[in-house]
Structures are given as C-alpha cells and as structure tokens.
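Sequences are here, hints too, so could you generate the full structure?
Protein chains: 2
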Amino acid sequence: MNNSNYFFKCSICEFRTCPSSDKLNCPDCHSPFDVNYISLEDAKIKLNSIKIPLPINSASIVSLGEGNTPTIKLDNLSDKLEIKLSTKLEYFNPTGSFKDRGSSIMISCLKKAGIKEIAEDSSGNAGASISAYSSKAQIRSHIFAPSSAPTAKINQIKVYGANTYLVEGPRDQATIEAITFAENHGVTYASHNLSPYFIEGTKIFGYEIFRDFYDSENFPEHIILPVGNGSLFLGVLKSFHELFLDNKIHKIPKIHAVQTESIQPIYSTIFKTDWNPVNQTKTIAGGIAVATPPRLNQIVKELQQNDGTCEIVSEKEIIEWQLALANQEGLYIEPTSAAAFAGISKLIESKVIQKGASVLIPSTGIGLKDLSPI
Amino acid sequence: MNNSNYFFKCSICEFRTCPSSDKLNCPDCHSPFDVNYISLEDAKIKLNSIKIPLPINSASIVSLGEGNTPTIKLDNLSDKLEIKLSTKLEYFNPTGSFKDRGSSIMISCLKKAGIKEIAEDSSGNAGASISAYSSKAQIRSHIFAPSSAPTAKINQIKVYGANTYLVEGPRDQATIEAITFAENHGVTYASHNLSPYFIEGTKIFGYEIFRDFYDSENFPEHIILPVGNGSLFLGVLKSFHELFLDNKIHKIPKIHAVQTESIQPIYSTIFKTDWNPVNQTKTIAGGIAVATPPRLNQIVKELQQNDGTCEIVSEKEIIEWQLALANQEGLYIEPTSAAAFAGISKLIESKVIQKGASVLIPSTGIGLKDLSPI
Numbered sequence: 202m203n204n205s206n207y208f209f210k211c212s213i214c215e216f217r218t219c220p221s222s223d224k225l226n227c228p229d230c231h232s233p234f235d236v237n238y239i240s241l242e243d244a245k246i247k248l249n250s251i252k253i254p255l256p257i258n259s260a261s262i263v264s265l266g267e268g269n270t271p272t273i274k275l276d277n278l279s280d281k282l283e284i285k286l287s288t289k290l291e292y293f294n295p296t297g298s299f300k301d302r303g304s305s306i307m308i309s310c311l312k313k314a315g316i317k318e319i320a321e322d323s324s325g326n327a328g329a330s331i332s333a334y335s336s337k338a339q340i341r342s343h344i345f346a347p348s349s350a351p352t353a354k355i356n357q358i359k360v361y362g363a364n365t366y367l368v369e370g371p372r373d374q375a376t377i378e379a380i381t382f383a384e385n386h387g388v389t390y391a392s393h394n395l396s397p398y399f400i401e402g403t404k405i406f407g408y409e410i411f412r413d414f415y416d417s418e419n420f421p422e423h424i425i426l427p428v429g430n431g432s433l434f435l436g437v438l439k440s441f442h443e444l445f446l447d448n449k450i451h452k453i454p455k456i457h458a459v460q461t462e463s464i465q466p467i468y469s470t471i472f473k474t475d476w477n478p479v480n481q482t483k484t485i486a487g488g489i490a491v492a493t494p495p496r497l498n499q500i501v502k503e504l505q506q507n508d509g510t511c512e513i514v515s516e517k518e519i520i521e522w523q524l525a526l527a528n529q530e531g532l533y534i535e536p537t538s539a540a541a542f543a544g545i546s547k548l549i550e551s552k553v554i555q556k557g558a559s560v561l562i563p564s565t566g567i568g569l570k571d572l573s574p575i
Numbered sequence: 202m203n204n205s206n207y208f209f210k211c212s213i214c215e216f217r218t219c220p221s222s223d224k225l226n227c228p229d230c231h232s233p234f235d236v237n238y239i240s241l242e243d244a245k246i247k248l249n250s251i252k253i254p255l256p257i258n259s260a261s262i263v264s265l266g267e268g269n270t271p272t273i274k275l276d277n278l279s280d281k282l283e284i285k286l287s288t289k290l291e292y293f294n295p296t297g298s299f300k301d302r303g304s305s306i307m308i309s310c311l312k313k314a315g316i317k318e319i320a321e322d323s324s325g326n327a328g329a330s331i332s333a334y335s336s337k338a339q340i341r342s343h344i345f346a347p348s349s350a351p352t353a354k355i356n357q358i359k360v361y362g363a364n365t366y367l368v369e370g371p372r373d374q375a376t377i378e379a380i381t382f383a384e385n386h387g388v389t390y391a392s393h394n395l396s397p398y399f400i401e402g403t404k405i406f407g408y409e410i411f412r413d414f415y416d417s418e419n420f421p422e423h424i425i426l427p428v429g430n431g432s433l434f435l436g437v438l439k440s441f442h443e444l445f446l447d448n449k450i451h452k453i454p455k456i457h458a459v460q461t462e463s464i465q466p467i468y469s470t471i472f473k474t475d476w477n478p479v480n481q482t483k484t485i486a487g488g489i490a491v492a493t494p495p496r497l498n499q500i501v502k503e504l505q506q507n508d509g510t511c512e513i514v515s516e517k518e519i520i521e522w523q524l525a526l527a528n529q530e531g532l533y534i535e536p537t538s539a540a541a542f543a544g545i546s547k548l549i550e551s552k553v554i555q556k557g558a559s560v561l562i563p564s565t566g567i568g569l570k571d572l573s574p575i
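These protein sequence lines are chains A and B, in that order. Residues 202 to 575 (the numbering used here) are what the first sequence spells out, left to right. Residues 202 to 575 (the numbering used here) are what the second sequence spells out, left to right.
What the hints contain is simulated information worked out from the structure, not anything from laboratory work. Mixed in with the good hints there might be a few duds.
Same chains, same label: a pair holds when it works inside one copy or across any pair of copies.
[To be verified] Cut-off 30 Å, straight-line C-alpha distance, at most; resulting in silico cross-link-like pairs (DSSO-like, lysine-lysine):
hint : residue 1 : residue 2
1    : 313       : 281
2    : 313       : 547
3    : 359       : 281
4    : 317       : 281
5    : 247       : 274
6    : 517       : 547
Computed from a predicted structure; not experimentally measured.
In structure tokens form, the structure reads like this:
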C-alpha cells in the first residue's frame, strides 16, 4: 500500500491493490475496481456542509459548482399515483447532468496524480461534463461520442474545448476507439464507466439525500434510477452502504433500476429474457442506451443483494411521462430521466411500491439537450 | 388601500394605488408600477434561509426549486484581468434562466388573486419559465414569441404546455399580439416586463448575494448585467435599496448595464448616440434584443442615480467571450450572458473598474438553449 487513505478493491472478487489512475480492471477477473477506505472516519472531508469520505482533500477539488441540487415534491403526480413522490433536480449541475458529480472527483484525482491528457468515450452527457472539468483543470481531453448523439450534446462537448471525435456504429464502438486512441497516443483512458473515482463523485448524491431527509418522515423508501452504465446507481448504493457502516442510517432504501425494452442488459440478465445486444433497437433514452455495460455483473449483484428490482419501459411510455412531467409539474427532463418515471406505474402495479410510500427519482438530465420526442 | 402590506407606486412619478393584477401602467404618466411595502419588516418572509420582504406568504409560493444558485470564482479569468471575478450561476434555475425567480413570485401572486388564464410575450426564456410555472399552478397560458427565437427555446415553451404563438417581425410585434389577444379574449396580460411582481422575484438574486458575501472581503464592488427589459437589473437594485434602508448594508454596489452595438436603447439614451430602433440590426444576444424596453426611463434613472454606467459590445466580442468562458472556465453560457462578460474589458479600459476590484457577473442563461454561434 502507498500512503493513501484508500485502496482499490475489485468490484466482484477479493483482489486489492494500491490506487493508480491507470489501473481500471482487476488482473484476476477483469472487473472494474471500487475505492475502499482504510478508515471511513479519517477519509471524511467537508463538502456542501456534509462530511463525506472521499479520495481527495478539499483544496484539490476541481469544482464548477456541482452538487447541492434542490429536491422538490411533485404534488400533482403524487395525488394521481397515491404515493409521496419527489425528485432531486440533478440537471441543476454545471453542464446539465448528474455526471458532473463524478467528473469533479475523477478529474480532481487525475489532476492530483499529474495527468495532463485524457481520452474518454460518452453518449454525450459525460463527454460534455468531462470536457468542462478538463478545461477548468487545464487537462487536455479527447472525447469519443457516437455520431448518433443529439447535436446539442455534441456541440456542448466541443464548446468546452475537448478534441471531439464522432464514431459511427453502436455506442460501444466509441469505447473501442477511445481505448485504441489512448493506447496509441500514450494518454490516460479516463473512462467514467471504469474509473473508481467517478463513483466516489456520484455517491455524493446519496449523501445529500441523507442530509436533506435526515429525521424526516418522508425519507425515501424507494429510489428509482435510469440505469445504463450504472454510475449513479452504484454511487448511490455506495453512499448508503457507507452511511449504514457508519451507523448514520439503520435501513437502506430500496434502489430500483429502469431500462428500455430496446436495450435491457440488466433486466435480461435478471429475468432471463431472450434479448441480447445483437438484437438491440434504437431508443430515445440515449443516456441508458448501453448494451454491454462494463459493470453489468456488479450492478446485478448489488440489485439482488439490496432487494431492488429492474423494470423495462417502452418508447411510448417514456414520451408520455416526459410530457406529463412538463405539463403537470413544470419539469422538462430528457427522455433518459423520463424512463425512470415511466417505471413507477409498473412498480406500483407489481406491488413493489405500496400506496403512500415515499419515492424519490432524480431528474438526471435537462430536456433541452435532447429534443427528439417533441 | 386594501388590507395588503404593500401598494403599487409608479416607477417614475409619485402616483400610488392599491395592488391589482390588471394594473400595469400609471394612469398619469403611463410608466409601469413597482411594489412598495408599507413596512419592510412586516412584509418579510423566510425564503432560502433569508428574510425578504415579498408580496406573498410562504405557503402560497408556486415553486419549482428556483433560486439558491451557486456562486463560483473564475480564477483563470481573474488572473488574466487582474480583478477578483466571480459568477452566480443563474442557469441553475428550473427552466434554465434567472427568469424563474420572477415567474415564481408573479405566478404565485396571480394564482392567489384567482387568475386562471394569462397571455404573455417573450423572446424565449421568460416564455418557457412562465409556461412551466403556469402548468405547476394550473393556470392556462398563451405565450407569444418572435418566430426568430431559437428552436430550443420555442420547443421548451411548448413542452411545458403553453399555447404557443410564433410572431413574424421584430421582438416588439410579439408584445402587440399578446396584448391584443388578452384584450380580445378577456384574459390577464401577465407581462414579465410590466408586472411589478416579476421584479419582486428577481430581487431575490440580490438578497442571495447579500447572504453569500455578507462579512466577506470579496463583497462585489461591481455587478455587471446584460440588460434588455431590465427585470434582473431593476430587481437587483431594489434588493440593495431595501437592504440599505433596512441598515443591513452601508454601501450599494455599482451596477452596470451591457447592451449590444446592434440594439442599444439604454446606451443611446445615456450617451446620445444616433442609434434608433428603426436602424436596429440582428444580434445573437437574443435575451437583450429589445429595442423599446417599457421600463427604459426607469432603467436610465436608476443607472444614473446609482453611479452605474452602460457599455455596448459587438457580436464578435460576445462570441469570443462565450468561447473563452467555455474553454477556460468550463462554463457554457448563452450569448446574452456572454455579452455582460464582454463588457468587462471596456469597463477596465475606461477605469470604471480598477485593478483588484471584486466583480460579480451572473451567468443568466445556459448555452444549450442557443447554439447559433458555435
């Protein structure tokens, strides 16, 4: 071990190693790593008035004002659904999505490690976010995005200053090209899907829920998330596990994943459907259009160990919910976010969510980025 | 007077009257009204942990989570300009612009007055905002926007559920059509430019600056704003005047206005240039493309009484600053916001802003709404 307060542990097996920005996969089972703290207490820093264990000190955080997003009650929909529904507005982050939480911590750690140039692949939101934080940190960035990503997302990646490469073919092709580029040019592959630091940033979402609902009778019993690569899902679960270990909470909310009928690797793994990546169709929920998420096994394991379930929704349901949120609650969210809301009816139907339950769904991205369904 | 804690006072002459949502202009001099409190102390309510005099009680506020926006230091630009520059991220508001502050209070007051249907005109941001808050408040809205407004803004107005009307011709034509519609259909003309309630919402921006910088040596000496109709400008000044009257501050920051070379009614009035509305040209700063602002006289009076000045900037300067903010500070703001930043160099050149001064500029709108210059 080096003198860090944390180490990397494989997300699936028991392999442990010293942290390093070029270690992305376990040499034994090839799964991605997670950050594990030697002492939660010693690793805590104060951020947005909460004490959170993080792999970086306060002074080294590269910030654009991320986090501390508002939580609002959705009264009109609550009445209709007979539950207590609220949303945390994650598009109130500097580049318009929750990814900024992950980028802030990941870029901070890379900067502290002396990294000057990175490559990354993204369907859009993470790319824009990493482009912005790289500029702030004066790190040169190369972002590989599928050419099918919405124009507004591509433009946003470019405007922050990243070298931007549009890749034909499915989402996964952008990953292959980013890795090849990184290897050929000797730059760091800063994958938001593999980097254990990214999840340390997204977990702050969970710490804020803890802060905002502490002592409230409306502490969420259920949290529903749109899940593609699962960085928010894994971050939120990690926060509650840490809070549980730290005796701050005595029960972990149930965290459910929503995918689309078109692209459903998690749902398919759990419920053994005959879907496979080869027969994927297009979805308007671009942020969860990930047929082969690198942390798939970890996500499935965590869902099952924590009594969460997975639902799939249709394109039609996504559009209906996107419009319902806009014209009933004044919230304009992107289709990926709407997918999670579309999952509610199914979770109520299947009695996973009971009448009167407190449910929280993040509004992960702003509708302005993706105008396709209007 | 009725039993309100406030009355309407003409923004120019001494005329006073009881508040009512259909009174928009002084019968004597035709200028718009402002809210004046009988007692500042008695009118205070607690909002975002600040006590603010407002024309509405806490329980009646229609909220989508507006306000409490982060303020961040712009270190890279501060070093270059040799000043202490910070920005308050006003695009962290529910519909992506500072207008939400005004819409929240205006729609709350209209709802409380029993209004069920409104008409309004907007270049885009205010329209989207009022559409969203109307949906939340279950008020039917009719929004008139110039057909030249960016597609993303028009789509956003529509998605929140407003009946949306695109009007050919200059920005002012949308105003004429909204008024005509309101008269013909017997609905309330809820103009964000005329309603005194709107400014009561935008003034919360100033109260937050007071809260965030109170006791700080970096309390802004200068605030620079893009000014079109002036709702943020007038709101911010009102907040500082109230805080001054209330003995909370002993000096009011200098507040400067920035307009474009293309459309410069305020600059032209102050400096007697030969510009006039007839020879206006197009500008990418759509939010301040207002040739005949209804509160022009009030804005000029307030600027001059408070030692503020006005600058104009070119289209080229706006684009340069938009890109500089994105790739040097990781901030992607719309051209209208970039115009205010473009004003800094001129204010430094003319020695209005001295080396080492603390300067705050709001990032009033997000770049995603308006992709034209990229």
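Hints and how they fare:
For a Cα distance limit of 30 Å, the shortest separation of residue 313 from residue 281 across copies, 24 Å, qualifies, whereas the shortest one inside one copy, 49 Å, does not. In this homomeric assembly, residue 313 and residue 547 never come within 30 Å of each other (Cα to Cα): the closest approach is 45 Å inside a single copy and 37 Å across copies. In this assembly of identical chains, residue 359 and residue 281 lie within 30 Å of each other by CA distance solely across copies; the values are 23 Å between and 42 Å within a copy. Only between protomers do residue 317 and residue 281 lie at most 30 Å apart by alpha-carbon distance; the minimum there is 22 Å, versus 52 Å within a single protomer.
Taking the shortest alpha-carbon separations for residue 247 and residue 274, both the intra-copy value of 27 Å and the inter-copy value of 19 Å come in at or below 30 Å. For the homomeric pair residue 517 and residue 547, the shortest alpha-carbon distance inside one copy (14 Å) is at most 30 Å, but the shortest distance between copies (52 Å) is not.
Hint check: a violation occurs at hint 2 only; the rest are consistent with the structure.
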